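Asks: Given next are the chains, with one letter for each unit.
There are 2 protein chains.
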Amino acid sequence: MPQTLLIHHIRRILTPPPAHQPLSGKAQGSLHTHDDAWLLIEDGRIVGSGSMSEPLPRAERRFDAEGGMVLPAFVDAHTHLVFAASREGEFVDRIRGLSYQEIARRGGGILNSALRLRQTSEEALFAQAMQRLEGLIRLGTGAIEIKSGYGLDTESELKMLRVIRRMKEAAPVPVRATFLGAHALPPEYRDDREGYLALIEREMLPRIADEGLADYMDVFCEKVAFSADETDRLLEAADRYGLRPRIHTNQFHSMGGIEVAVRHGAISVDHLEVVNDEEIRTLAASDTMATLLPSAPFFLNDPYPPARRLIEAGIPVVLASDYNPGSSPSGNMWLVWSLACIKMRMLPEEGLVAATLNAAHSLGLADHLGSIAPGKKAHLIVTRPAPSLAYLPYSFGENHVRAVLIGNQWYF
Amino acid sequence: MPQTLLIHHIRRILTPPPAHQPLSGKAQGSLHTHDDAWLLIEDGRIVGSGSMSEPLPRAERRFDAEGGMVLPAFVDAHTHLVFAASREGEFVDRIRGLSYQEIARRGGGILNSALRLRQTSEEALFAQAMQRLEGLIRLGTGAIEIKSGYGLDTESELKMLRVIRRMKEAAPVPVRATFLGAHALPPEYRDDREGYLALIEREMLPRIADEGLADYMDVFCEKVAFSADETDRLLEAADRYGLRPRIHTNQFHSMGGIEVAVRHGAISVDHLEVVNDEEIRTLAASDTMATLLPSAPFFLNDPYPPARRLIEAGIPVVLASDYNPGSSPSGNMWLVWSLACIKMRMLPEEGLVAATLNAAHSLGLADHLGSIAPGKKAHLIVTRPAPSLAYLPYSFGENHVRAVLIGNQWYF
Numbered sequence: 018m019p020q021t022l023l024i025h026h027i028r029r030i031l032t033p034p035p036a037h038q039p040l041s042g043k044a045q046g047s048l049h050t051h052d053d054a055w056l057l058i059e060d061g062r063i064v065g066s067g068s069m070s071e072p073l074p075r076a077e078r079r080f081d082a083e084g085g086m087v088l089p090a091f092v093d094a095h096t097h098l099v100f101a102a103s104r105e106g107e108f109v110d111r112i113r114g115l116s117y118q119e120i121a122r123r124g125g126g127i128l129n130s131a132l133r134l135r136q137t138s139e140e141a142l143f144a145q146a147m148q149r150l151e152g153l154i155r156l157g158t159g160a161i162e163i164k165s166g167y168g169l170d171t172e173s174e175l176k177m178l179r180v181i182r183r184m185k186e187a188a189p190v191p192v193r194a195t196f197l198g199a200h201a202l203p204p205e206y207r208d209d210r211e212g213y214l215a216l217i218e219r220e221m222l223p224r225i226a227d228e229g230l231a232d233y234m235d236v237f238c239e240k241v242a243f244s245a246d247e248t249d250r251l252l253e254a255a256d257r258y259g260l261r262p263r264i265h266t267n268q269f270h271s272m273g274g275i276e277v278a279v280r281h282g283a284i285s286v287d288h289l290e291v292v293n294d295e296e297i298r299t300l301a302a303s304d305t306m307a308t309l310l311p312s313a314p315f316f317l318n319d320p321y322p323p324a325r326r327l328i329e330a331g332i333p334v335v336l337a338s339d340y341n342p343g344s345s346p347s348g349n350m351w352l353v354w355s356l357a358c359i360k361m362r363m364l365p366e367e368g369l370v371a372a373t374l375n376a377a378h379s380l381g382l383a384d385h386l387g388s389i390a391p392g393k394k395a396h397l398i399v400t401r402p403a404p405s406l407a408y409l410p411y412s413f414g415e416n417h418v419r420a421v422l423i424g425n426q427w428y429f
Numbered sequence: 018m019p020q021t022l023l024i025h026h027i028r029r030i031l032t033p034p035p036a037h038q039p040l041s042g043k044a045q046g047s048l049h050t051h052d053d054a055w056l057l058i059e060d061g062r063i064v065g066s067g068s069m070s071e072p073l074p075r076a077e078r079r080f081d082a083e084g085g086m087v088l089p090a091f092v093d094a095h096t097h098l099v100f101a102a103s104r105e106g107e108f109v110d111r112i113r114g115l116s117y118q119e120i121a122r123r124g125g126g127i128l129n130s131a132l133r134l135r136q137t138s139e140e141a142l143f144a145q146a147m148q149r150l151e152g153l154i155r156l157g158t159g160a161i162e163i164k165s166g167y168g169l170d171t172e173s174e175l176k177m178l179r180v181i182r183r184m185k186e187a188a189p190v191p192v193r194a195t196f197l198g199a200h201a202l203p204p205e206y207r208d209d210r211e212g213y214l215a216l217i218e219r220e221m222l223p224r225i226a227d228e229g230l231a232d233y234m235d236v237f238c239e240k241v242a243f244s245a246d247e248t249d250r251l252l253e254a255a256d257r258y259g260l261r262p263r264i265h266t267n268q269f270h271s272m273g274g275i276e277v278a279v280r281h282g283a284i285s286v287d288h289l290e291v292v293n294d295e296e297i298r299t300l301a302a303s304d305t306m307a308t309l310l311p312s313a314p315f316f317l318n319d320p321y322p323p324a325r326r327l328i329e330a331g332i333p334v335v336l337a338s339d340y341n342p343g344s345s346p347s348g349n350m351w352l353v354w355s356l357a358c359i360k361m362r363m364l365p366e367e368g369l370v371a372a373t374l375n376a377a378h379s380l381g382l383a384d385h386l387g388s389i390a391p392g393k394k395a396h397l398i399v400t401r402p403a404p405s406l407a408y409l410p411y412s413f414g415e416n417h418v419r420a421v422l423i424g425n426q427w428y429f
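Line by line, the protein sequences give chains Z and X.
For the first sequence, the residue numbers in the numbering used here are 18 to 429.
For the second sequence, the residue numbers in the numbering used here are 18 to 429.
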């Protein structure tokens, strides 16, 4: 006996249109809307919608949206949700005048997180990360990608990925795992880059592939991390294990990461605070998407990625939170959306597509998530009453969530 | 029979020290703390605190802080909370390339709000503003200043101030009213500046004083609004009615507003995105405080006020939200605090003092609010568990509020 749920008195259903590929260019800014509507859900999947002026279908459960809007839940396609400790001490160091890169050179930053993570049990990491995830679900996140990269030795990277695997089993939302062993050069290999690259290629990757622990491969291509040549070599190794890349690049410097990523058929290049015209042309000629993480430049006081130039070049843009304790201690996708509009001049519609359907495509989840359409999973946000779509990113400090639906389960 | 409330299992009580004047310089960054504590409240006033290792006092009601921190509620000393409609349409215009000043010149901006406000009943304005205020209380705001300035004719300015008077009576938190008839030149006086100035002096001010509708006088001293000479003249008139000034100045230009304000003994100069060394010296030699509103430059993509230079010059700094539909559609003081730390390099402690005790001083409320001390009103925030004070502004997208206490009443 299927369980049915009717959400009624919806002021407006807002969703990206059905699309078998990521939306780009003008299409990135187009939404389908249905005013004064109801939405019928059966066994956690969307059945259909109708107008309040029509007779309402029967349903075992009913939820009165009370004039709120209904949006697809956010898909957060770039996070570092598994970590052992917050790093507000380094935040205060930055206020006192140190730069993020200086803090990294002093053993803070990613290496600080690695030190703490290595000392923390799988159980404790799992409990903390699940608690964070539950907070994000209440804010409207309905699927999430999580990276390793605070382990930086074989056992600790495997520990992180096993935490993520446990989350896949335990979490009410889809979780995708990305192996980011090449996040930073660990202190043990400070004078032996070759040794660490070989460790990733010959020990970490085979074991991760063997245990099926990762869906994707990531490398931080940046001066403080790995060069384009090193990235190339690591993606080559990942190719052999069938791990498609999604990489960190162009956060502080333009140094060849985009070209390497495109050559390896990367799903996405992430960050792009610093990107030149040639790199934009390279991306536009490829199937690689651009994942922008505006919380990071907001928190680090860096320039924002040139979202308008990317959209106008026809590159599908994804928005994600980059939730991590060093450069983006926030997984609030509403604020990401606001930053996209305020700081990167994305239209509210473009922001919603980027944070839902395009993000779902980047994680291979678009058949089930990212828009409101018959057959898709009912991962939905019911907002408090709001006068328009644009009001949502505009009123940037407000909590717009009245309730979040994940299949059959409401979160308040 | 007095009603007693015990808040127990507080990880840390954090408060500005008792001070009969605003804190400035190094003192702006000093807090008193009490770890593993309880706090006793009687009839809505703080009686005292103690350590969890001591025997707990008896109380009729108990609240388990469960390891959260307790802070004084925020005092929001600069808002435009009474308005008739949000202005996200202009937000989209700005994304599409118009500047805030261009929008103002086209009849958008403040004049748009004035048009809508004039058409809205006192009852509707009151209901909307009370709803906004309740949302802010749940976010931790325990006292608020509200300005007129969207009326711009005598009856509409009086209507706004009567709404604020009704709020003073109905709201559970102290409300202060500021007359801002000189917010913009209304369209009817586009070619008659003198006529509008005279209207304020000869009609608005006498009637407002007669009805006791305002606690303070404000003028927007800026190129798109009123000159320093006009500000001088209007503050002169306000002096005659005993209304102390707190003025908008130096938001976009340095044009003499600070000097005029100080000459008239202003309590505060607000905004200061653009301020020169001489103006800082003028302020430092006065009793006038600096109220910084970082949500506005965040939303308008303007430079932030030079908080560090102001603090280092010994000027007491206040933080406020500037909540209004055009340049700061947010009254979230947590985000204001985060912006102060991230964008203006204020230390977390300096931010808390600015948003509590110093703000209370600027509204004449410091005898009762702004810190946690015996005899003061119990307007308090109980946070969710947090590892440190700095964590609160650091994790910028998170809702840290577990509960807000306003006297005897909990808000969740």
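No wet-lab data here; the hints were simulated from the structure.
Be a bit skeptical, because a hint or two may be false.
To be verified - Simulated coverage check for chain X against chain Z, where a stretch passes if three residues somewhere in it have a Cβ under 8 Å from a Cβ of chain Z:
hint	segment
1	84-96
2	106-112
3	341-353
4	379-389
Unchecked claim - Only part of the chain X face toward chain Z is listed, based on derived beta-carbon distances under 10 Å:
hint	residue
5	P74
6	R280
7	R362
8	E415
Treat the numbers as computed from the prediction; the structure is a model and nothing was measured.
Note that beta-carbon positions come from the ideal geometry of N, C-alpha and C, so glycine has one too.
Asks: I'd like to know which numbered hints this structure contradicts. Please list them from smallest to largest.
Replies: 1, 4, 5, 6
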